[in-house]
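> Please model the entire structure based on the sequences and the hints provided.
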Amino acid sequence: MKIATTLCVITSLLTLSACSDTTQSQRSAPRATAVSAITIAAQTFPITRTLQGRVVAQQTAQVRPQVGGVLEQRLFEEGSFVEKGQLLYQIEDSTYRASVNEAKADLLSAKASVESTRLIDERYQNLLKIEGISQQDADNAHADYLVAQATLAKAQAALDSANVNLAFTRITAPISGRTGISNVTEGALLTQGQDTALTTIRKLDPIYIDMTETSEGVLERRAMMQREGVTSGSSDVIAMLENNTEYDETGSFTMHEVAVDEATGSITLRATFPNPDGILMPGMFIRTKVTIAVDENAILVPQQAVQFDNKGNAFAWVASGSKAVKRSLTLQEATGNKWLTEYGIKAGEKVIVEGIDGLQDGADITVTDVTLNEDGRVAAPKAKNQGGNE
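For what it's worth, the numbering used here labels the leading residue of the sequence shown as 1, then goes sequentially.
FYI, nobody ran anything at the bench for these hints, they're computed from the structure. Mixed in with the good hints there might be a few duds.
PhoX-like, lysine-lysine: derived pairs with alpha carbons at most 25 Å apart [said to hold, decoys possible]:
(1) K154 with K111
(2) K84 with K203
(3) K346 with K326
(4) K289 with K323
(5) K346 with K311
(6) K323 with K346
(7) K311 with K289
Just so it is clear, the structure is predicted and the values come from calculations on it, not from any experiment.
Put into structure tokens, the structure is as follows:
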């Protein structure tokens, strides 16, 4: 009886000891952290850049007088559209008309002289044949005829010049475009080629926007094009006005400079924009959005999944099986609520978006697959995978 009692006590003690060991083991085992993760998929993504620019007229012509005189009349409305060849100003032309008439008279005199010397030359040539005059007299008569012809040509040139100067008293538009303010009034004395322009005409439709890009940006763009899956971007250019509204019309690249500005270290890119309503005006400051490349295999990581250490280095947590793995990232740019990531994450990997606080590299996790709304918030779970099973 005593032996049976003793065996029962020993068995109870062993059972209690085993239960105690199991409970202690359960208490010491780390608990898996519940996290939510999304599966990263490669996407087609346009890589854009914002460039600063200025509006430049497609054509600019400063109107100046080519002859001097008193301004008699202004024949256009300031700020109006004028056609090429349209009369803008009239200079008092009486002096120039007199010069034309004088040149015409000189021309008639020269023609008469040519006819007279021609007849004498012919007569002397006939007399020379019968030795009625000396060779010298015949040569002199022929020379007089040649001089008269030269004088006639000179008189014709003088008349042409006088007509040109008379035409210059009518100052016309050299290009089609919109005029600026007239810097002179009727009665002003104008001089040939004066420093002050009478007015300026600008062609505003279409119009240019000259943008600047650093030489470093150019090299970065060229290096980007060497990556697999990256193709050239669109030639379209979007303009943002000074009031932060988007311009209605889309522009296109026209050209770029072939040299870097030594003072600024940048090059100039030019885009052409339709400007039917005249909204874009020369001198305006414009921000432009250009698509420099298209990445066919872009990796976009939600911003809420990206963290930065005290040195500013980016990283994210990846669910690898039932373990959390810290992954360093190389970021390219922020786009909406995501980061375009160059290195660190591959398509098909699961990035943790919830439960990342306090995670340690290699920590046990329980993963719930989720999706994100357009605003970056977690939507309904796709499925619950205990132990990170995929």
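> Would you mind marking each hint as holding or not holding in the structure?
Structure-based check of each hint:
1. K154 with K111: Holds - the C-alpha atoms of K111 and K154 are around 11 Å apart, at most 25 Å.
2. K84 with K203: holds (11 Å)
3. K346 with K326: Distance of about 14 Å is within 25 Å: holds.
4. K289 with K323: With a Cα-Cα distance of about 42 Å, the restraint between K289 and K323 is violated, given a limit of 25 Å.
5. K346 with K311: Cα-Cα ~24 Å, so holds.
6. K323 with K346: Roughly 17 Å separates the two Cα atoms, so the pair holds.
7. K311 with K289: Judged against 25 Å, a Cα distance of about 31 Å means the pair is violated.
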